[in-house]
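Engineer: As a plain string of letters, each chain reads:
There are 2 protein chains.
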Amino acid sequence: MSESTCPIARGVSCVGDAWSILVLRDAAMGITRFDEIRKSLGIAPTILTKRLASLVEDGLLERRRYSERPPRDEYLLTDAGRDFLPVLVMIGAWGQKHRGGGRLARYVDAETGKPIRAKLVDAETGAEIGTRPFKIIEPD
Amino acid sequence: MSESTCPIARGVSCVGDAWSILVLRDAAMGITRFDEIRKSLGIAPTILTKRLASLVEDGLLERRRYSERPPRDEYLLTDAGRDFLPVLVMIGAWGQKHRGGGRLARYVDAETGKPIRAKLVDAETGAEIGTRPFKIIEPD
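First to last, the sequence lines map onto chains A and B.
For the first sequence, the residue numbers in my numbering are 1 to 140.
For the second sequence, the residue numbers in my numbering are 1 to 140.
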């Protein structure tokens, strides 16, 4: 999929599985150490090791040693990883709207305390994405 | 994951794999029939069958019979499926920025012909998401 002309296919070839997405979510919230992530996700260590390695290889996370004895690493978002956060926010907005039953965490503006309502707009026209027709132009 | 308080975790429990995301992308572009999707994705029929069934079960696609003889179904986006499109757009924006090399399809406004630049804002403050600190409030 990574050789596709489609930017969506290229994106999902890096982060197209649930665990990778949740690892990035944790990293954004400051959960960056192996054991913390493992506990937060309830994920098998072998699977987490693989996911972290592939996120590092794809340039979304950076490994940093925080203890020499015993050797311990943490995983920090790179610029490319941080640029993925709006994807998480949109997934969260969808989850809130369509899977919002029961006990649910809320995202609020830290200063105003008001709930964040994510809206995707075209920076060019200011129109909400989906309200105007768009076309996909394949490369020559 | 679907019982998590986190709306992101609930979202990825429905669409946390690359094939499901690409099936939704195809549906958004009018590629809705089994054989068309299979060809577009180069996916094994058994895997596609599973993914379609789970997207129908999760309420993102709706199955509709378009031919009785031979029996043939197509898969259309539901409202919940359409609401997922901004996620795809954000993944595409990420792919364009961070995996943009070589031949790449472009998304343009159908009327103005200008490239679409997706930007995620808070509908409340109008600020771009990520430029203001936010908090996650866990349910009581």
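Keep in mind the hints are simulated off the structure, nothing from the lab.
Treat the hints with caution; some may be incorrect.
The list treats identical chains as one, so a pair stands whether inside a single copy or across any two.
Unchecked claim - The calculated lysine-lysine pairs, modelled on BS3-like cross-linking and capped at a C-alpha distance of 30 angstroms, are:
1) 97 - 39
2) 97 - 135
3) 114 - 50
4) 119 - 135
5) 119 - 97
Engineer: Checked against the structure, which of the hints given earlier come out wrong?
Structural biologist: 3
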